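Below, each chain spelled out in residue letters.
Number of protein chains: 2
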Amino acid sequence: MTRIPVMEIFGPTIQGEGALIGRKTMFVRTAGCDYRCSWCDSAFTWDGSAKDEIKQMTAEEIWNQLYELGQDCFDHVTISGGNPALYSSIGNLVNLLKEKGIKVALETQGSKWQEWMKDVDDLTLSPKPPSSHMETDLKMLDLIVDNVKVLKNASLKVVVFDDVDFQFAIDIHERYPNIPFYLQVGNADTTLKDDDILVKNLLKKYEWLIDKTMMCPKMNDIKVLPQLHALVWGNKRGV
Amino acid sequence: MTRIPVMEIFGPTIQGEGALIGRKTMFVRTAGCDYRCSWCDSAFTWDGSAKDEIKQMTAEEIWNQLYELGQDCFDHVTISGGNPALYSSIGNLVNLLKEKGIKVALETQGSKWQEWMKDVDDLTLSPKPPSSHMETDLKMLDLIVDNVKVLKNASLKVVVFDDVDFQFAIDIHERYPNIPFYLQVGNADTTLKDDDILVKNLLKKYEWLIDKTMMCPKMNDIKVLPQLHALVWGNKRGV
Ligand code: SF4
Ligand code: SF4
Chain A
1 MTRIPVMEIF GPTIQGEGAL IGRKTMFVRT AGCDYRCSWC DSAFTWDGSA KDEIKQMTAE
61 EIWNQLYELG QDCFDHVTIS GGNPALYSSI GNLVNLLKEK GIKVALETQG SKWQEWMKDV
121 DDLTLSPKPP SSHMETDLKM LDLIVDNVKV LKNASLKVVV FDDVDFQFAI DIHERYPNIP
181 FYLQVGNADT TLKDDDILVK NLLKKYEWLI DKTMMCPKMN DIKVLPQLHA LVWGNKRGV
Chain B
1 MTRIPVMEIF GPTIQGEGAL IGRKTMFVRT AGCDYRCSWC DSAFTWDGSA KDEIKQMTAE
61 EIWNQLYELG QDCFDHVTIS GGNPALYSSI GNLVNLLKEK GIKVALETQG SKWQEWMKDV
121 DDLTLSPKPP SSHMETDLKM LDLIVDNVKV LKNASLKVVV FDDVDFQFAI DIHERYPNIP
181 FYLQVGNADT TLKDDDILVK NLLKKYEWLI DKTMMCPKMN DIKVLPQLHA LVWGNKRGV
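Protein sequence lines correspond, in order, to chains A and B.
For reference, each letter of the first sequence is one residue, going 1 to 239 in my numbering.
For reference, each letter of the second sequence is one residue, going 1 to 239 in my numbering.
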C-alpha cells in the first residue's frame, strides 16, 4: 500500500519533548495505534473520535501540504502518531523528504520494526511504562535498538507517572546503557481546559520527577524533561 | 595562581537551559565577571552583594565538596559563573574531574580564551545581545569558535529580550552556521518573588519567541528553549 493514513499535518512549531526539545519542526501525525495507553494524549488518533479527519495521502500529497504550511521556514519534519511504524508506506515519505533536503524524525513506542526506520535522522523510541497498562515486547525493542545502532541520533524516552514507572525507566536505561536516555513527566490531565492549573500540576510533577532522579545513582547520565508544548499551549491540538 | 574564586557549589540538579537542558549535573559557580549585563540573573557573582560567600578554593577542595554533596549520584559537573573563563586555574579542576571520570561542561559568554577550554566535554558560548548593554568582541568569539571546532559538543546560546536581540541572534547564527544554535527566553523579572506570575510571564515570553522564530526562514536549524529552573524554582538561588 502506498498511501499513509494521516491524522493531521501542522507547523512549523517546536518539538516539545525528548532529544530534540525546542527544535523547529513540522509534524505529520499518522492515524492508528497498536497500543491503547491508559493516559494516551493522542487518543484521537485511534479512538474513532476524529476518524472523519483521517486522510489517505501519498508522500507527494503530504509534501505539498507541508510546503504550503511551512514554505521556506522549515528544514525538519517529525513523523509522529499514533504509531507511524505500523506503515511500510512511510518509507516513501522519508525518501521524498530526504530528497528535498529535509531532516526527518520519527517517534514510536518501539513495538514494530520497519526497514525505513534506518533512514531517519532522529529516532525516538518510547517504550510505555506499567501505568499505561501496556506490555513492552522487549525482544522487539532489542531488535529495533540493534538495528538502529547505526543511527547517530537514536534515543530512548520513558514517560513516568509513578514509582513503578520510574523502576521501569531504570530497567530500560540499564538494558540499553549506550542509548541517550530521557525521562519525561506524564500529563495526567489530558482533558483539562484550565491552562493555569495544568501548568501548576505539570511543574509540580516535574519537580517530583527531578527529585527522584537526583537521588538515584542509577540515573546519572540522563536528562529529565517536561513537555514544553503542554506548558505553553495546554492540551490544545495541532500546536 | 592555583586557587579558584568560588561563589557556590550545588547539586545534583538539572541543567535548566541550552544544549544540555534537563541533564543531571552538579554546578560550580565562580565569582567575578568582566561583563555587567543589564539583566544579569547572577549579578550576585560580581556586584558585591554576596562577596562574603566567595571562597578561594583549590581543585581538590572543590572536588571534595562536590563529592560530599553528590556522592555517587552524579557523573557531570557544570562550571558556570560569572565568567569562569577569567581563570587559568580552572584547568586544574577540569583535569581533576576528568581523572575522576566526571564529564565537564563550561558556560561562558565568550569574551576570554583559556587553553583548558579545549578539554571540556560540553561548551556553551553565550554572546550577549544588545539589550545587555554589552558589546560582543566578535574577533575573540571567532578565535574561540575556531579553537573549539575540535569539540564534539560546542554550542551557541543567545538570550533574546526584544526584536533587536533577535536580529543579533540571527547574525551570530549566520556567522557560525555549523555550531548548534540555541535561542533562549530572557528573564526580565530576576527579583520577582511571586512564582505564579513569573511562570506566566516567562511562558508568555517563550511563546512570543517561538512565534518569531517559526516565521523566520533564517532560523530553521535551531532550538528555542525556556529556562526550566526558573519555571520550576522561580528566582531561587542554588537549585
Ligand atoms: S503508543 Fe502512543 S499513541 Fe499509542 S496509545 Fe500509547 S501513547 Fe497513545
Ligand atoms: S556575562 Fe553572564 S554573569 Fe556576566 S554579567 Fe552577563 S549575564 Fe551576568
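Worth flagging that the hints you see were computed from the coordinates, not collected in a lab.
Predicted model only: the values in this text are computed from it and were never measured.
For every residue, glycine included, the Cβ atom is placed at its ideal position computed from N, Cα and C.
It is possible that some hints are incorrect.
What the hints assert, rightly or not - Restricting the straight-line Cα-Cα distance to at most 25 Å, the calculated cross-link-like pairs of lysine to any residue (SDA-like) are: (1) Lys212/A with Lys236/B; (2) Lys100/A with Asp119/B; (3) Lys218/A with Lys149/B; (4) Lys152/A with Asp194/B; (5) Lys98/A with Asn178/B; (6) Lys236/B with Gln227/A; (7) Lys98/B with Pro217/A; (8) Lys100/B with Asp119/B; (9) Lys236/A with Asn187/A; (10) Lys118/A with Asp221/B; (11) Lys236/A with Leu69/B; (12) Lys205/B with Asp146/A; (13) Lys200/B with Lys98/A; (14) Lys204/A with Val148/B; (15) Lys200/A with Asp221/B; (16) Lys193/A with Asp211/B.
What the hints assert, rightly or not - Output of the computed footprint for chain B on chain A, the stretches with three or more beta carbons under 8 Å from beta carbons of chain B: (17) 7-21; (18) 85-93; (19) 167-181; (20) 197-208.
Here is what the structure says about each hint:
| no. | hint | in the structure |
| --- | --- | --- |
| 1 | Lys212/A with Lys236/B | holds (20 Å) |
| 2 | Lys100/A with Asp119/B | violated (38 Å) |
| 3 | Lys218/A with Lys149/B | violated (32 Å) |
| 4 | Lys152/A with Asp194/B | violated (43 Å) |
| 5 | Lys98/A with Asn178/B | holds (19 Å) |
| 6 | Lys236/B with Gln227/A | holds (22 Å) |
| 7 | Lys98/B with Pro217/A | holds (19 Å) |
| 8 | Lys100/B with Asp119/B | holds (14 Å) |
| 9 | Lys236/A with Asn187/A | holds (13 Å) |
| 10 | Lys118/A with Asp221/B | holds (22 Å) |
| 11 | Lys236/A with Leu69/B | violated (41 Å) |
| 12 | Lys205/B with Asp146/A | violated (42 Å) |
| 13 | Lys200/B with Lys98/A | violated (39 Å) |
| 14 | Lys204/A with Val148/B | violated (38 Å) |
| 15 | Lys200/A with Asp221/B | violated (31 Å) |
| 16 | Lys193/A with Asp211/B | holds (22 Å) |
| 17 | 7-21 | holds (count 6) |
| 18 | 85-93 | violated (count 0) |
| 19 | 167-181 | violated (count 0) |
| 20 | 197-208 | holds (count 5) |
Hints 2, 3, 4, 11, 12, 13, 14, 15, 18, 19, counting from the list given before, are not met by this structure.
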